[in-house]
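Just so you know, the sequences run in chain order A and G. In short: position in the first sequence from 1, add 69, done, that's the working numbering. In short: position in the second sequence from 1, add 69, done, that's the working numbering.
Hints are computed from structural coordinates only; laboratory data are not their basis. Each statement offered as a hint is correct.
Computed from the model, here is a short list of chain A residues facing chain G with C-beta under 7 Å: (1) M145; (2) G157; (3) G160.
Quick list of the computed label-pair ranges, beta carbon to beta carbon: (4) R225(G) x K123(A): 21 to 27 Å; (5) E86(G) x V185(A): 39 to 45 Å; (6) P100(G) x A104(A): 24 to 30 Å; (7) V95(G) x K98(A): 37 to 43 Å.
Below, computed lysine-lysine pairings styled on DSSO-like, alpha-carbon distance capped at 27 Å: (8) K127(A) x K191(G); (9) K167(G) x K98(G); (10) K167(G) x K206(A); (11) K191(A) x K127(G).
All residues carry an ideal CB built from backbone N, CA and C; glycine is no exception.
2 protein chains.
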Amino acid sequence: MATVSVATIRAMSRAFEDFPAGTRLVSSKYPITAAAIMNFAREFDPQLFHLDLKAAGKTLFGGLAASGWHTAAVSMRLFVDTMDVAGGIIGMGVDELKWPNAVRPGDELRVEIEIVEARHSKSRPGYGIIRIRNVTKNQRDEVVQSFMASAILPARQEVKPPA
Amino acid sequence: MATVSVATIRAMSRAFEDFPAGTRLVSSKYPITAAAIMNFAREFDPQLFHLDLKAAGKTLFGGLAASGWHTAAVSMRLFVDTMDVAGGIIGMGVDELKWPNAVRPGDELRVEIEIVEARHSKSRPGYGIIRIRNVTKNQRDEVVQSFMASAILPARQEVKPPA
Chain A
70 MATVSVATIR AMSRAFEDFP AGTRLVSSKY PITAAAIMNF AREFDPQLFH LDLKAAGKTL
130 FGGLAASGWH TAAVSMRLFV DTMDVAGGII GMGVDELKWP NAVRPGDELR VEIEIVEARH
190 SKSRPGYGII RIRNVTKNQR DEVVQSFMAS AILPARQEVK PPA
Chain G
70 MATVSVATIR AMSRAFEDFP AGTRLVSSKY PITAAAIMNF AREFDPQLFH LDLKAAGKTL
130 FGGLAASGWH TAAVSMRLFV DTMDVAGGII GMGVDELKWP NAVRPGDELR VEIEIVEARH
190 SKSRPGYGII RIRNVTKNQR DEVVQSFMAS AILPARQEVK PPA
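Bound-form chain A, shown alone (with noise of 0.2 Å):
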């Protein structure tokens, strides 16, 4: 990577273009193993029905279940893997962030995106800000996770919006 020019990246890659509101993307499928679930929660939550099949039984989830912020971060890589800009796509905010259904072991997620917003960055000439809908499901099409981003990434035009 290193040996290759972010200007080259740039041109190569998908950028804020790519991404007209009204997109729609659907992303590849990642598969959540029971190991995967606790070795995240032993280093980022460690609680009871993250980290121990029996125990997790007698709590509120009913079995063990993927730390939301688990989730979040699958969905990430799925969200990344699928958008594919080499010069990179930076998160701005988060909102209605919910997990509305747990994760399972054995459970196979992937994110549907909707690009609902794109308008050249006003403030950085060069840069696209994307509002996004980022929908995770699980393998019976049940919403585990969904919020709206907003997110920056470059765009291969300098335009300057109007003012």
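Please arrange chain G on chain A, whose structure you already have, making use of the hints.
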């Protein structure tokens, strides 16, 4: 853990009643290394500015920076350790999640927690719902993450709130 009943854990542990509205808590400190930033990114957010010390310098971040979702995961760890509720705290929703400053290698993070609201659950007797403001700061007191969240946790008393 599996040999101690959840009822016993609940009786011994901090619970809903220990976190009235107005409670403020500060976590211990969590050091962020370049290796941790890159490890998290390889698995969950494989983008140039989270992966490659040299190439990151030419991006919008101007140097290696942690994924926002890594900061979120570390903040959850600090939150869980600080709240210290053995029965567990489950996040229900997050709003206004922002990352106003980048997290860099060598940073030391802490979380400041404010309980802004606390009420017994209507639908689940024996549980309470708290509304939290969570702010993560670095060693220079700069805010690197903030959000509002609702979470459910075990209560000692089963109180039916007025309908």
